[in-house]
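Peer 1: Can you build the whole structure from these sequences, using the hints too?
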Amino acid sequence: MANMRAIRSRIKSVQNTQQITKTMKMVAAANLRRTQTGMSAMRTFAEQTQQLMDALLAGGAQYENPLLERREDVKNVCYVLFVGNRGLCGMYNHANVRFLQQLCREETRPCSVVVYGRWGRDVIAQSGLNVIETFQDVSDTPTMNDALQLADYLKRMYLSGEADEIHLIYQHFKSVLSQSPTDLQLLPAAPEAKGESPHDYIFEPDEATILENVLQLYVNNTVLSVLLEAKTGEHAARMTAMSTATDSTRELIAALQLHLNRARQAAITTEISEIVGGANALKKNKKS
Amino acid sequence: MADRIHLQIVTAGGVVFDRMVHVVNLPLESGSAGILADHAPLIGAVVDGAVTCASDEGEYVIAVGIGVVNVVNNEVTVLSRTAEEAETIDLARAEAAEKRARERLAAKTADTDAARAEAALHRAVARQHAAHMVKKHK
Numbered sequence: 314m315a316n317m318r319a320i321r322s323r324i325k326s327v328q329n330t331q332q333i334t335k336t337m338k339m340v341a342a343a344n345l346r347r348t349q350t351g352m353s354a355m356r357t358f359a360e361q362t363q364q365l366m367d368a369l370l371a372g373g374a375q376y377e378n379p380l381l382e383r384r385e386d387v388k389n390v391c392y393v394l395f396v397g398n399r400g401l402c403g404m405y406n407h408a409n410v411r412f413l414q415q416l417c418r419e420e421t422r423p424c425s426v427v428v429y430g431r432w433g434r435d436v437i438a439q440s441g442l443n444v445i446e447t448f449q450d451v452s453d454t455p456t457m458n459d460a461l462q463l464a465d466y467l468k469r470m471y472l473s474g475e476a477d478e479i480h481l482i483y484q485h486f487k488s489v490l491s492q493s494p495t496d497l498q499l500l501p502a503a504p505e506a507k508g509e510s511p512h513d514y515i516f517e518p519d520e521a522t523i524l525e526n527v528l529q530l531y532v533n534n535t536v537l538s539v540l541l542e543a544k545t546g547e548h549a550a551r552m553t554a555m556s557t558a559t560d561s562t563r564e565l566i567a568a569l570q571l572h573l574n575r576a577r578q579a580a581i582t583t584e585i586s587e588i589v590g591g592a593n594a595l596k597k598n599k600k601s
Numbered sequence: 003m004a005d006r007i008h009l010q011i012v013t014a015g016g017v018v019f020d021r022m023v024h025v026v027n028l029p030l031e032s033g034s035a036g037i038l039a040d041h042a043p044l045i046g047a048v049v050d051g052a053v054t055c056a057s058d059e060g061e062y063v064i065a066v067g068i069g070v071v072n073v074v075n076n077e078v079t080v081l082s083r084t085a086e087e088a089e090t091i092d093l094a095r096a097e098a099a100e101k102r103a104r105e106r107l108a109a110k111t112a113d114t115d116a117a118r119a120e121a122a123l124h125r126a127v128a129r130q131h132a133a134h135m136v137k138k139h140k
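Those protein sequence lines, which keep their order, are chains A and B.
Residue 515 in our numbering sits at position 202 of the first sequence, and the numbers go up by one each step.
Residue 110 in our numbering sits at position 108 of the second sequence, and the numbers go up by one each step.
No lab work stands behind these hints, which were simulated from the structure alone.
One or more of the hints may lead you astray.
Unchecked claim - Derived, one-sided and incomplete: chain B residues facing chain A with beta-carbon distance under 7 Å: (1) H8; (2) V12; (3) E31; (4) L38; (5) A42; (6) I45; (7) V70.
Predicted model only: the values in this text are computed from it and were never measured.
Just so it is clear, CB atoms sit at the ideal spot from N, CA and C, and this is done for glycine as well.
Peer 2: Structure (structure tokens):
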């Protein structure tokens, strides 16, 4: 009988877990939808920026701009590592950290790391990465303001010479089921002209000033898009992980239910055989 | 001949303003510039300030941050770091931001980022200016 009670409480606790994983899955799904809307809202802006780049860089024009210029003597490569705010999202965070460790090992130049996200302070501390800054206050559904804060910080770091190259390490969002760690160079920027501009533009005041402004927007834009992509990936990974977890709890509950039924049946059988045995014994007593 | 311009003000967060208008005033690096229909193709550097425009429904004021404007075929597209309709600006907050920036510039300690404080100051002043402009119209 004690066995039955144990199984019942076990089922109860698994059911509680199931409720939590189910809720987390739904929250992740809602966040995922929101970040995906953000990603599509950016599209107009990205297209327009590209058009301007085309107009500016048409005909292979070269400009001098600190954000474009490659530094010959690279003293510090800065990696920005995008992790989630919490775990429970499968391999999402670990894969990112491992990818960065691999990069740092192969990198011959000195490198430093800026962590963006609350997850894994201890894990990252033990990973042997040279962390110089951690952004803890990260929204689950990033907005322009979050991106501007990070973009301004990175631009300052680059222009002051603290870092000579800035790379963003994040999970590239292929689909809800598949993300892969990616290394994207943010600065020095390497914008590409994708086509010739069809118009003969007047530049006001001149190309260099405009390019500076476009580059500022380009950097902000890149940071926001990476931020959104990383978060979308995180929510997708969490959704998948929690969906799997919910499925396993369901299986576990079914298995436990079977055990419980068997135990109950066994208990009933024992009771009946005891009663029958007792009755038979009484009969024998009467006869004799 | 067309007499309307399609004005779009876009930030990375999305399209903030999208209307057909008669005339647009832009805060460019070299001073304010009015754009009418059939303007020649132009790419200009936008500074912190207010974009004003007039349409059939009335006049609009939008505060923008630094960015770029692209004028082509009666399409005026302002790409900006930030943009908001002046009516929604919280004047008290903009004033507080101006005060903070001024204090930071005045203090001038070693770790003050003067360029950054100045940029913040410009932004705060431009936003207040835009907010006042709306009030005057009403």
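Peer 1: Is the interface hint for E31 of chain B satisfied, with its Cβ closer than 7 Å to some Cβ of chain A?
Peer 2: OK, holds: E31 of chain B within 7 Å of chain A, min 5 Å.
Peer 1: Going by Cβ atoms only, is H8 of chain B closer than 7 Å to chain A?
Peer 2: violated, 13 Å
Peer 1: Hint L38 of chain B vs chain A: min CB-CB distance below 7 Å?
Peer 2: Cβ of L38 of chain B sits 15 Å from chain A, so the hint is violated.
Peer 1: So, as I understand it, the hint says V12 of chain B touches chain A; can you test that by seeing if any CB pair is closer than 7 Å?
Peer 2: holds, 5 Å
Peer 1: Using 7 Å as the Cβ threshold, decide whether A42 of chain B counts as touching chain A.
Peer 2: At 6 Å from the nearest chain A Cβ, A42 of chain B passes the 7 Å test, so the hint holds.
Peer 1: Let me know if the C-beta of V70 of chain B comes in closer than 7 Å to any C-beta of chain A, holds or violated.
Peer 2: Given a least distance of 5 Å, the restraint on V70 of chain B holds.
Peer 1: Return the status of the interface hint for I45 of chain B: holds when the least beta-carbon distance to chain A is below 7 Å, violated otherwise.
Peer 2: holds, 5 Å
In terms of the numbered hints stated before, the structure departs from hints 1 and 4, listed from lowest to highest.
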